[in-house]
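Number of protein chains: 4
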Amino acid sequence: MANKIRVTVWNEFVHEREDAGVAKIYPKGIHEAIADFLARDPAYSPRTATLDQVDHGLPPTVLSDTDVLLWWGHMAHDRVSDEIAAAVQRRVLEGMGFIALHSAHFCKPFMRLMGTNCSLAWREADERERLWVVERGHPIAAGLGPYFELPREETYGERFDVPQPDSTVFISWFEGGNVFRSGCAWERGAGRVFYFRPGHETYPTFHDPNVQRVISNAVAWAAPRVMIPGAHECLHEIVPLERI
Amino acid sequence: MANKIRVTVWNEFVHEREDAGVAKIYPKGIHEAIADFLARDPAYSPRTATLDQVDHGLPPTVLSDTDVLLWWGHMAHDRVSDEIAAAVQRRVLEGMGFIALHSAHFCKPFMRLMGTNCSLAWREADERERLWVVERGHPIAAGLGPYFELPREETYGERFDVPQPDSTVFISWFEGGNVFRSGCAWERGAGRVFYFRPGHETYPTFHDPNVQRVISNAVAWAAPRVMIPGAHECLHEIVPLERI
Amino acid sequence: MANKIRVTVWNEFVHEREDAGVAKIYPKGIHEAIADFLARDPAYSPRTATLDQVDHGLPPTVLSDTDVLLWWGHMAHDRVSDEIAAAVQRRVLEGMGFIALHSAHFCKPFMRLMGTNCSLAWREADERERLWVVERGHPIAAGLGPYFELPREETYGERFDVPQPDSTVFISWFEGGNVFRSGCAWERGAGRVFYFRPGHETYPTFHDPNVQRVISNAVAWAAPRVMIPGAHECLHEIVPLERI
Amino acid sequence: MANKIRVTVWNEFVHEREDAGVAKIYPKGIHEAIADFLARDPAYSPRTATLDQVDHGLPPTVLSDTDVLLWWGHMAHDRVSDEIAAAVQRRVLEGMGFIALHSAHFCKPFMRLMGTNCSLAWREADERERLWVVERGHPIAAGLGPYFELPREETYGERFDVPQPDSTVFISWFEGGNVFRSGCAWERGAGRVFYFRPGHETYPTFHDPNVQRVISNAVAWAAPRVMIPGAHECLHEIVPLERI
Numbered sequence: 044m045a046n047k048i049r050v051t052v053w054n055e056f057v058h059e060r061e062d063a064g065v066a067k068i069y070p071k072g073i074h075e076a077i078a079d080f081l082a083r084d085p086a087y088s089p090r091t092a093t094l095d096q097v098d099h100g101l102p103p104t105v106l107s108d109t110d111v112l113l114w115w116g117h118m119a120h121d122r123v124s125d126e127i128a129a130a131v132q133r134r135v136l137e138g139m140g141f142i143a144l145h146s147a148h149f150c151k152p153f154m155r156l157m158g159t160n161c162s163l164a165w166r167e168a169d170e171r172e173r174l175w176v177v178e179r180g181h182p183i184a185a186g187l188g189p190y191f192e193l194p195r196e197e198t199y200g201e202r203f204d205v206p207q208p209d210s211t212v213f214i215s216w217f218e219g220g221n222v223f224r225s226g227c228a229w230e231r232g233a234g235r236v237f238y239f240r241p242g243h244e245t246y247p248t249f250h251d252p253n254v255q256r257v258i259s260n261a262v263a264w265a266a267p268r269v270m271i272p273g274a275h276e277c278l279h280e281i282v283p284l285e286r287i
Numbered sequence: 044m045a046n047k048i049r050v051t052v053w054n055e056f057v058h059e060r061e062d063a064g065v066a067k068i069y070p071k072g073i074h075e076a077i078a079d080f081l082a083r084d085p086a087y088s089p090r091t092a093t094l095d096q097v098d099h100g101l102p103p104t105v106l107s108d109t110d111v112l113l114w115w116g117h118m119a120h121d122r123v124s125d126e127i128a129a130a131v132q133r134r135v136l137e138g139m140g141f142i143a144l145h146s147a148h149f150c151k152p153f154m155r156l157m158g159t160n161c162s163l164a165w166r167e168a169d170e171r172e173r174l175w176v177v178e179r180g181h182p183i184a185a186g187l188g189p190y191f192e193l194p195r196e197e198t199y200g201e202r203f204d205v206p207q208p209d210s211t212v213f214i215s216w217f218e219g220g221n222v223f224r225s226g227c228a229w230e231r232g233a234g235r236v237f238y239f240r241p242g243h244e245t246y247p248t249f250h251d252p253n254v255q256r257v258i259s260n261a262v263a264w265a266a267p268r269v270m271i272p273g274a275h276e277c278l279h280e281i282v283p284l285e286r287i
Numbered sequence: 044m045a046n047k048i049r050v051t052v053w054n055e056f057v058h059e060r061e062d063a064g065v066a067k068i069y070p071k072g073i074h075e076a077i078a079d080f081l082a083r084d085p086a087y088s089p090r091t092a093t094l095d096q097v098d099h100g101l102p103p104t105v106l107s108d109t110d111v112l113l114w115w116g117h118m119a120h121d122r123v124s125d126e127i128a129a130a131v132q133r134r135v136l137e138g139m140g141f142i143a144l145h146s147a148h149f150c151k152p153f154m155r156l157m158g159t160n161c162s163l164a165w166r167e168a169d170e171r172e173r174l175w176v177v178e179r180g181h182p183i184a185a186g187l188g189p190y191f192e193l194p195r196e197e198t199y200g201e202r203f204d205v206p207q208p209d210s211t212v213f214i215s216w217f218e219g220g221n222v223f224r225s226g227c228a229w230e231r232g233a234g235r236v237f238y239f240r241p242g243h244e245t246y247p248t249f250h251d252p253n254v255q256r257v258i259s260n261a262v263a264w265a266a267p268r269v270m271i272p273g274a275h276e277c278l279h280e281i282v283p284l285e286r287i
Numbered sequence: 044m045a046n047k048i049r050v051t052v053w054n055e056f057v058h059e060r061e062d063a064g065v066a067k068i069y070p071k072g073i074h075e076a077i078a079d080f081l082a083r084d085p086a087y088s089p090r091t092a093t094l095d096q097v098d099h100g101l102p103p104t105v106l107s108d109t110d111v112l113l114w115w116g117h118m119a120h121d122r123v124s125d126e127i128a129a130a131v132q133r134r135v136l137e138g139m140g141f142i143a144l145h146s147a148h149f150c151k152p153f154m155r156l157m158g159t160n161c162s163l164a165w166r167e168a169d170e171r172e173r174l175w176v177v178e179r180g181h182p183i184a185a186g187l188g189p190y191f192e193l194p195r196e197e198t199y200g201e202r203f204d205v206p207q208p209d210s211t212v213f214i215s216w217f218e219g220g221n222v223f224r225s226g227c228a229w230e231r232g233a234g235r236v237f238y239f240r241p242g243h244e245t246y247p248t249f250h251d252p253n254v255q256r257v258i259s260n261a262v263a264w265a266a267p268r269v270m271i272p273g274a275h276e277c278l279h280e281i282v283p284l285e286r287i
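Chains as they are written, first to last, in the working numbering: chain Z, 44 to 287; chain D, 44 to 287; chain B, 44 to 287; chain W, 44 to 287.
These are calculated hints, taken from the structure and not from any lab test. Be careful, since some hints might not be right.
Claimed, not checked - Straight-line C-alpha distance at most 27 Å; calculated DSSO-like pairs for lysine-lysine:
hint, chain 1, residue 1, chain 2, residue 2
1, D, K47, W, K47
2, W, K71, W, K47
3, D, K71, D, K47
4, B, K71, B, K47
5, Z, K47, B, K47
Said to hold, decoys possible - Pair ranges (Cβ atoms, derived):
hint, chain 1, residue 1, chain 2, residue 2, range
6, W, E167, B, A185, 26 to 34 Å
7, D, T104, W, A185, 26 to 34 Å
8, D, T104, B, D98, 39 to 47 Å
9, W, A86, D, G188, 24 to 32 Å
10, W, P252, D, P103, 31 to 39 Å
11, W, Q96, Z, A86, 50 to 58 Å
12, D, P189, Z, V97, 42 to 50 Å
13, W, A185, Z, D108, 47 to 55 Å
14, D, V269, W, A63, 40 to 48 Å
15, B, P194, W, A119, 38 to 46 Å
16, B, A66, D, V269, 43 to 51 Å
17, W, D125, Z, R122, 16 to 24 Å
These numbers come from a predicted model, not from an experiment. Ideal Cβ positions, reconstructed from N, Cα and C, are used throughout, including at glycine.
Chain Z extracted, bound-state conformation (with noise of 0.2 Å):
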């Protein structure tokens, strides 16, 4: 099984012990939630990791065998140690995927990988979100029509602040008058980052066949191609080329 695409799936994992409604959505956590329908996949091979464990779960062990990352996050992104997030951050230079979900647009692995804000406006309003695929060839579209739709989210709402995504795959409409760019990808070094908007914790948006059509495209789109391993390192030892 050597072949297998690693898929470490993060969370901070408190709403779900904190709040009676969002455990009964999901009574293991969004993350085994989500590692769940990809081991559906004999591609996958998926694990999970939580903000309490020992290194957020994340030790360079872990780090080193994962090819694809998610993040879920929220309101404990300041408890995630600047270290992690900048171990987090050269592994996706490297060529690791990163998949960042929901409001983990202000988790630090993220922002430190944007550069940006990564603001947004947002209500919660119990509104219809019907995602359009604007990137119909793109591979995290594969099996989509030109449309589907969640019957309740959150909403967010542009300005988004985040670099011009590579490809803006989705654009999301909300009944109450917004729009949003809810699946953005980006080349980043070696790694590919890919930020998808649904997932608020108080729906049930991860049991949406769609929704995990969408992970999971993005899982495969995010694999790595190369690794480089000492990319990273080259902030300190730049090997000066031959002379022809």
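Assemble the complex: chain Z is given as a structure, and chains D, B and W must be docked to it using the hints.
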């Protein structure tokens, strides 16, 4: 006045002469309505041109005297000659600005410059359109708030089949469930191209102060930074470079 | 074998029949040389087509049976019919891959897809070319080192007048003082376009292992992710969207 | 003079005080050499700041009074405090221009804005550098020919590990066999960032007329179009949008 930006507003000018409702909104035609509000800016020297004129009003003497060309067309795209369309494309690649308005997404010069189908989805349903400013720092958005609205417009929807814009300045929300990249900017050759979505002939859109502000901003943005008259001749006469 | 990638290698096939030196390097023509090395990969099913065949060897039955089209042309660009060029462009926008080789920067299908002059500077001076891999994670660079060299090639130089590539995979250095974006990738419609600079007819470039690797990688990258056969018809038949 | 562009030229100012050869080229320091030629343009109001000043010469009162910040640093990147680096980043995202010169590719503010390793290959070999203008219509290239040369400079080579630039204005050729994207422009938040490669401390590069022209052009380009002072606070205070 040699430093004024020389603007030519082109209009197929058919609807206004065939449809009393349209004529009531734009008695002198859409082109004159646009030229009128541009003329209020002392930096601009606007003129107009229409389909039924000789060379569609765009002979070489006019094109070579134009810094920015605006284009409105809808039902008569096929009546524009390939020669004039090619001449417009060539002039844009030399440095002239080109602004395609509303249904001009299907006009020949724009399609030649994009290289894609330029297709989109649409319906006429008198829907409210809200245009969100995605790039607040972009000159075309200068003076606007986070969004502006048009009470009724034709609906356009994604997938808008164009090359990914260099800047996506606006994204529209429509009450009927669609989103659209409403303000798209591209660099092509030495010239600049802007597509602006609103402007269906049955609505007073070009009388709207925000729409006028966007178009006026776009003219300033699209004005030539440099003109490279020889660029089109390179097709047949490529200059070898000197050996060091 | 239904899953093989169906490759059509198109060549104007003029130099090889008019110039003994070229014929010596490519006795069966550049197209056959390319098809030969592609055929060594069991994932590919290559065929060839040339200018002098009926419909230049690209009737609808061939285009609809092609996943990736490679194009080599130089002195006979004008002899390609506008109809065939338009058909190729349309098929690319539907999802077919298109790879323009060397002087095909001026071929009609590529120019239609780019919308720009596609001009560049050049000289024939038997210079060494070093191609630097700028995007090491890009699939087209798979298996390459930091750079590779061709001992003698025609020199191309910037300004290469194309829309900014979605990915600039290679940048070439020439000993005479020029640089050139030698590997440029674009998304257009549902299809992918790659331009690869090397391949002048007087050099054995297509026998070079690194060049063969790049072209083979590019075929895999450009293979359709999705085909949208109706895309070109949208020009005349736009479907209104449902009201929510 | 309220309309002048307020420029702050920052320099770590270490080489010039430790190395007699560098001091001979830049007796008052690189920062003063740059401020001097910028001061010749009546549109600019330049001042300088250095590492050894309080807050590195960049307290909030200076940053809030700066439209464009230029940065030269090399051996003392680590001595810049994280707080100042974060304040610079925040100000750029609000709208301030930032121009990183030469070895400032590794300075903290630039690395924070890019999110990548910003690594590159290099050697000191007194090589000739030829900078090709790739985007002739870009304001930063105004007044330049197709290329300009520096007789001797430090060599930089790809892979330059930055996010794909929004515009690649220059690509350098070095006689020793390297290429480098020497003029790279990005939009970040409401601000603009430009990286310009030349400027090694042992060469009189900042006395070169073309280099001065590029830097002067870049200041004009990077000047704020809009300032959005609240942008960094959005991290903690996101305003819900009104319901329609």
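Hints, verified against the model:
1. Note on D:K47 and W:K47: the hinted pairing holds, with a Cα-Cα distance of about 23 Å set against a maximum of 27 Å.
2. With a CA separation close to 24 Å, the supplied pair W:K71 and W:K47 stays within the 27 Å bound.
3. Of the pairs offered as hints, the one joining D:K71 and D:K47 holds, with about 24 Å between alpha carbons and a cut-off of 27 Å not exceeded.
4. With a C-alpha separation of about 24 Å, the suggested pair B:K71 and B:K47 falls inside the 27 Å cut-off, and the hint holds.
5. Restraint check for Z:K47 and B:K47: satisfied, since their Cα atoms lie roughly 23 Å apart, inside the 27 Å limit.
6. The hinted window of 26 to 34 Å between W:E167 and B:A185 holds, with their beta carbons roughly 33 Å apart.
7. At about 27 Å, the CB distance of D:T104 to W:A185 agrees with the hint of 26 to 34 Å.
8. For the pair D:T104 and B:D98, the beta carbons lie near 41 Å from each other, so the given range of 39 to 47 Å is met.
9. In this structure the supplied range 24 to 32 Å holds for W:A86 paired with D:G188, their Cβ-Cβ distance being about 29 Å.
10. For the pair W:P252 and D:P103, the beta carbons lie near 37 Å from each other, so the given range of 31 to 39 Å is met.
11. Separated by about 56 Å at the C-beta atoms, W:Q96 and Z:A86 satisfy the suggested range of 50 to 58 Å.
12. Between D:P189 and Z:V97 the beta carbon distance is about 44 Å. The supplied range of 42 to 50 Å therefore holds.
13. Distance hint check: the CB atoms of W:A185 and Z:D108 are about 51 Å apart, consistent with the given range 47 to 55 Å.
14. The beta-carbon spacing between D:V269 and W:A63, approximately 43 Å, falls within the hinted interval of 40 to 48 Å.
15. Between B:P194 and W:A119 the Cβ separation comes to about 44 Å, which falls inside the hinted range of 38 to 46 Å.
16. Taken as a hint, the range 43 to 51 Å holds for the pair B:A66 and D:V269, whose Cβ atoms sit roughly 45 Å apart.
17. Taken as a hint, the range 16 to 24 Å holds for the pair W:D125 and Z:R122, whose Cβ atoms sit roughly 19 Å apart.
When held up to the earlier numbered hints, the structure conflicts with none and fits them all.
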